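A.B. asks: Whole structure, please, built from the sequences with the hints as guidance.
There are 2 protein chains.
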Amino acid sequence: MLLSSRLAFSRLVRRGAPDFSTSALRAASNRAIVYTKNGDPASVLTALTHPQLSSPSPSTLNIKFLLAPINPADINVVEGVYPAKPQLTSSLTQSGLGSADTPVYVGGNEGLAEVTEVGSGVDGLKKGDWVIMTRPQAGTWSSSKNVSPRELLKVPRELDGFKLDEVSGATITVNPATAYNMIHDFTTLQEGDWLVQNGANSAVGQAVIQIAAAKGIKTLNFVRNRDNFSELKEQLTHLGATTVLTYDELADKSLRGKVKEWTDGKGIRLGLNCVGGKDTTLMTQLLGQDGHLVTYGAMSKQPLSLPTPMFIFKNLQAHGFWQSRWYQQRGPAEQEELMKKLVQFMSKGQLSPPEHEIVTIAGRESDEVATQKVRDIMSKLAAGRFGKKVLLRMEEVSSD
Amino acid sequence: MLLSSRLAFSRLVRRGAPDFSTSALRAASNRAIVYTKNGDPASVLTALTHPQLSSPSPSTLNIKFLLAPINPADINVVEGVYPAKPQLTSSLTQSGLGSADTPVYVGGNEGLAEVTEVGSGVDGLKKGDWVIMTRPQAGTWSSSKNVSPRELLKVPRELDGFKLDEVSGATITVNPATAYNMIHDFTTLQEGDWLVQNGANSAVGQAVIQIAAAKGIKTLNFVRNRDNFSELKEQLTHLGATTVLTYDELADKSLRGKVKEWTDGKGIRLGLNCVGGKDTTLMTQLLGQDGHLVTYGAMSKQPLSLPTPMFIFKNLQAHGFWQSRWYQQRGPAEQEELMKKLVQFMSKGQLSPPEHEIVTIAGRESDEVATQKVRDIMSKLAAGRFGKKVLLRMEEVSSD
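Sequence lines, in order, name chains A and F. Residue numbers for the first sequence follow full-length UniProt numbering, so the first one is 1 and each next one is one higher. Residue numbers for the second sequence follow full-length UniProt numbering, so the first one is 1 and each next one is one higher.
Hints should not be assumed to be uniformly reliable.
Selected chain F positions facing chain A (Cβ under 8 Å, derived; list incomplete) [said to hold, decoys possible]:
1. Gly-276
2. Phe-313
3. Asn-315
4. Leu-316
5. Gln-317
6. Gly-320
7. Arg-325
It should be emphasised that the hints constitute simulated quantities derived from the structure, not laboratory data. In this text the structure is predicted, and so the values were computed from the model without any measurement. Beta carbons: idealized from backbone N, C-alpha and C, even for Gly.
C.D. replies: Below, the structure written as structure tokens:
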């Protein structure tokens, strides 16, 4: 396997773009995690070494990925059960996998990259800048990529003396952005106001707790009951959660009275839902007049069941939130403003990176070894054997 | 019974306000349909004759009701199962029922009245003007009433040579207003765009069909299957419905393809729901990207069950609509504009009054007879034995 991979690789080198051989001495090759058909990620994903990038054509730039998370939605994309699909890529190689003969999907939606070379006519970005991809499903499980400035967004490497760390940068695009926008886009909460959320220990949930706390917004947080509930409660409280309860406690009717008391009779106007099903119905009933329920996930795989009087008489509004849509709909100014806001929270210690584990696909590993490594991660993720965010570090493939 | 009523009435006359006896020769007494406790309307409603109104105090005016509908929600109010409750009235009589001793609720939310006397300091209204009540649960099942101009709204008696009829005026406040606002308040539909609704043969549903047709908006209408479906379909088509289908046809998966075809792939952006339950889930799935589902009723008494991907990925927004809230939130200018718009549709023959039956509570009938008449109507309504809108005409009580 290792041998055949090396042969395949040398073939790729020989068939590379003309400039590849000329730069072979200084430059390594690239690698991407690709697939040709949807299915179980532990079966369909393959590491594909492909030639070094050419210098960027006008109005494009080359970037090198530093870290890219494997998010739950990424797995759904590979499975083919997610509404957003990556485009087929046929330009990785001259022939075979990744060429026009056998185009591939490159995995990964989120990731932090560094600008390595800027083509003519690109404004506002220079070598060494950090960027994230705002175009959905851009294929971030890659070592390097030639991109258009329209599909990415600069992230401040440094703000007021604070140096952004790679993990925070690599996980800023989706979860903290989702949390920030859900808190701000549907209703105006003042200091002292409340929001309620379920799945409060999810990555988004934890970002919600922290951003709300930074703004003086109180949070009522629901999580599944579990053996280590008191430990989780302590952890979320440490992040800034005002109250942490289990779904079991939602069924307790006295809770509504307590919520009324906590909110000085004003009621809660924002509910964030990534669960669905019966518990979400009960949570929604904790909302007061003119409440907004924002759904961004469906962990229970159950539909939302909402009593009609809440809509008619309490003026409930139910929305959905999808950060990919947000990037598509907002202009660069708003996108940059969002990044600045999030890095500001980070710079003040108000928004910490998720618990994580970095998996490095080393440059000296063969595609076979890399493929097996990625598939093993996927099996472990499917079995729920990571309790934390997994990030890929895809090194350039050593050519010597 | 008749005798005791007359005795009661003569007692009321003797105990009337001081000015009552002085105006007895020219003026009749009033009557209202009242209740002291919630319950079955066929048991708790009572006709109560009470003295003639005094001349209006400054900043108030006297109005005489011409016609007031008995809407389904009115019955829920009497039963005590509706979120809006009328205020207790203790000023109808000096003692006994309707006095401070035994205050009463006066039934009725909607109705057309004529201004009979204007107090000092009231601008913009004169004797003979037609008005409707915008304050919810104002007690429209009355012959006359002293009111504040803030709780009512002038309706044009005549517009561009068109004379508004009493039935249209008496039923303009709720149903056509609900239809108009639901079509306009949540998204912008252009000529040729579609909306979809269930309960399409309801009073609101018929107004939706007519207003949409007048604006060139196409309607996909769902109704329950029934023996006379083709007759109903013809009737709704005559009103302007583009397509009329039964809920059974919602289950047919080919419908989505047809909708796509009908809408040139654009999808439907507005759904109006007064049913709830499974059929509403299926109807909502006919909405395209960025759709709005507006719920204004719950005839099935089932909650709304909505798939979360519709919220997250199709950007569905679910709202409720309650015309009472609309009146509370909008200023007089917007309210007057609404009335003008609705009367304009009527003047062009684009919005017809509902099928109806007028029940007159005659001035010479005793309170006992009137009470029995009203209770009989309520029994018939509860049994579904009116197929049309019932309107009360409460005559002044003859005093000779």
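A.B. asks: It remains to establish, for every hint, whether it holds in the given structure.
C.D. replies: Going through the hints against the structure:
For Gly-276/F, the interface hint holds, since its Cβ comes within 8 Å of a Cβ in chain A; the closest pair sits about 5 Å apart. Interface hint at Phe-313/F: satisfied, since its Cβ lies 4 Å from the closest Cβ of chain A, which is below the 8 Å cut-off. For Asn-315/F, the shortest C-beta to C-beta distance to chain A is roughly 6 Å, which falls under 8 Å, so the interface hint holds. The interface hint given for Leu-316/F holds, since its Cβ lies 6 Å from the closest Cβ of chain A, which is under the 8 Å cut-off.
Hint status for Gln-317/F relative to chain A: holds, with the closest Cβ pair at about 5 Å, below 8 Å. A hinted interface residue such as Gly-320/F counts as satisfied when its beta carbon comes closer than 8 Å to some beta carbon of chain A; here the least separation is about 3 Å, so the hint holds. Residue-level restraint check for Arg-325/F holds (minimum Cβ-Cβ distance to chain A is 7 Å; threshold 8 Å).
Violated hints for the displayed structure: none, as all numbered hints are satisfied.
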